[in-house]
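Novice: Protein chains in written order, with the working numbering: chain A, 1 to 90; chain B, 1 to 430.
Careful: at least some of the hints might be erroneous.
Stated by the list, open to error - Keeping only pairs whose Cα atoms sit at most 25 Å apart, straight-line, the calculated SDA-like set for lysine to any residue is:
| no. | chain 1 | residue 1 | chain 2 | residue 2 |
| --- | --- | --- | --- | --- |
| 1 | A | K80 | B | M165 |
| 2 | B | K62 | B | A116 |
| 3 | A | K86 | B | S130 |
| 4 | B | K187 | B | S264 |
| 5 | B | K256 | A | L7 |
| 6 | B | K187 | B | N198 |
Hints were generated in silico from the structure; no laboratory data involved.
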Amino acid sequence: MEIEEKLALLNYKTDPEYEHITINPKICETCPDHFCTFACPAKCYTLIEGRINFKYEDCVECGTCDVACAHGSVMWTNPKDGHGIKYKFG
Amino acid sequence: MSEFDVIVVGAGPAGSSAAIKMASQGLKVLLVERGDPVGSKNVSGGILWGNDLAAIIPDWEKSAPLERYVERKVTSFLTGDSEIAIDFKTKKFQEKKTGYSVLRTRLDSFLARKAAQAGAMVVTGVTVDSLAMKDGRVIGVVNEGETITADCVILAEGPNPRVAMAAGLVGKPNDRTVGIGVKHVYKLGENVINERFNLRGNAGFAGEYVLSFLEGDVYAGGFLYTNKDTVSMGVVINMATLRKNGNTHSFDIMEKFAQHPFISSLVEGGQLQEYSAHFVYEGGYEDMPRAYGNGYMLVGDTAGFSFSNGMILQGMNYAISSGILAGEAAIEARKDNDFSAESLSRYQKKLDNSPAVLDKKNFQGISNVVWSPMVHRAIPALLESSLYSMLYESGKPKKHLSQIMMKSLKSSGMNSKDLMVQGYRLMRRM
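Go ahead and model the full structure; you've got the sequences and the hints to work with.
Specialist: See below:
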């Protein structure tokens with residue numbers, strides 16, 4: 001089963017006004033490893049034409065990218081007001 | 001005058017246990033949870049081991065939303081072609097339960113309900129942004145620029161404690177202290193689960209696996225736990241080896257485990273209900289932060305309470321026990337009307353005599369063994385080739401086991417002295 005199909009099973013309450021994780025594209029431009037694209041279990045980080053594309057909407061708030069990025073590009077915070085992932089089982 | 005005696009940040013097992021303990025003794029408690037409803041952000045394997053809840057919920061085995069009790073415990077090496085396992089099933093676990101499979105959305109909402117019944121105020125969907133500080137001590141929490149005051153704050157944020165990190169109370173997690181946890185939940189039905197895992201009634205199966213078939217020197221462990229009518233399956237991926245490999249996706253490792261022929265057959269026909277992920281705290285004794293200070297205490301994963309020795313993976317039990325001890329400390333501090341670091345050091349004293357700290361202390365260096373090439377590659381290869389040689393009837397005269405093992409050892413490229421030394425270390429540390 002593809003990761004995209006698995007993510008499609010999940011419920012989110014997306015916050016249109018607040019991106020709880022942001023990246024610094026300038027840092028990502030010079031990144032030698034793009035380890036975030038391998039570490040993130042929700043495939044939020046993809047490399048499109050050599051540039052990191054980040055989708056906070058698919059984030060499951062696992063915390064991995066903040067540890068994975070060794071270059072200080074990831075600014076990680078919790079979503080606000082009950083937004084974000086809503087697991088049914090957990 | 002503070003608005004609350006204690007504010008607890010995070011309604012997981014640690015936070016809710018602390019809140020239940022304190023509220024039932026008359027303290028004015030606010031339990032703040034960012035998820036709405038409680039539990040909707042939380043992921044565990046998960047087996048709740050032990051009997052720690054009994055201290056705050058005497059009838060927990062009857063009233064809590066438990067899935068199945070662990071009757072059959074498997075510890076297994078998975079190679080590409082083979083599975084070599086210790087399969088321990090005992091009636092003793094029927095008579096005296098050692099652990100139950102749980103689903104966190106259910107367990108956590110139950111515990112938060114108990115906290116509310118005990119008199120705590122529970123708010124959900126509220127993210128604490130930071131601690132409120134005054135004159136070097138914690139005086140409450142800040143949400144959207146508003147301060148809510150308390151004499152003490154208990155941080156129960158889980159393994160990724162943003163508030164505690166921002167305040168400098170815990171270090172930033174790193175490759176050594178973090179594993180990437182990824183999980184599937186499948187719906188299979190009660191009868192199918194009973195037949196497939198050879199179980200009856202509410203008896204359950206708990207399996208842990210060394211995934212030695214993974215390519216590219218990435219190390220990961222797997223787990224498979226039966227719930228009532230669903231199965232929880234997942235992996236914990238070692239961050240350092242994944243980084244070193246640099247070419248493998250965490251979500252592909254989860255899929256590879258799910259696709260392994262001896263694993264996929266166990267959930268065949270099952271429908272994937274949920275995909276989830278959270279990093280797992282894997283730090284050792286040396287990584288543990290000081291669990292108290294002026295006006296605050298740390299509990300559960302936030303304080304570094306988790307344990308793994310390869311055969312046992314635990315966290316929720318320490319979360320509950322540390323939450324209860326922090327609750328006790330707060331009750332005593334309330335009596336003394338003193339929430340200074342000196343007064344709250346009584347929490348540390350309680351911890352120092354508890355399994356939460358002692359297990360951590362007595363198993364220092366265990367993660368070097370759990371994530372070693374010996375456990376993840378050499379031992380499974382040696383066992384596989386030895387057992388295969390012994391059990392395959394070639395029609396030729398048979399060899400002694402010692403001869404077979406020596407031959408397997410030679411072909412594995414490991415030298416026997418290294419294996420002896422490392423094997424001794426493994427047995428000693430485990």
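Novice: Hint by hint, note whether the structure agrees.
Specialist: Do the hints match the structure? See the list:
no. : hint              : in the structure
1   : K80/A <-> M165/B  : holds (18 Å)
2   : K62/B <-> A116/B  : holds (19 Å)
3   : K86/A <-> S130/B  : holds (23 Å)
4   : K187/B <-> S264/B : holds (13 Å)
5   : K256/B <-> L7/A   : holds (17 Å)
6   : K187/B <-> N198/B : holds (17 Å)
The structure shown violates none of the earlier numbered hints.
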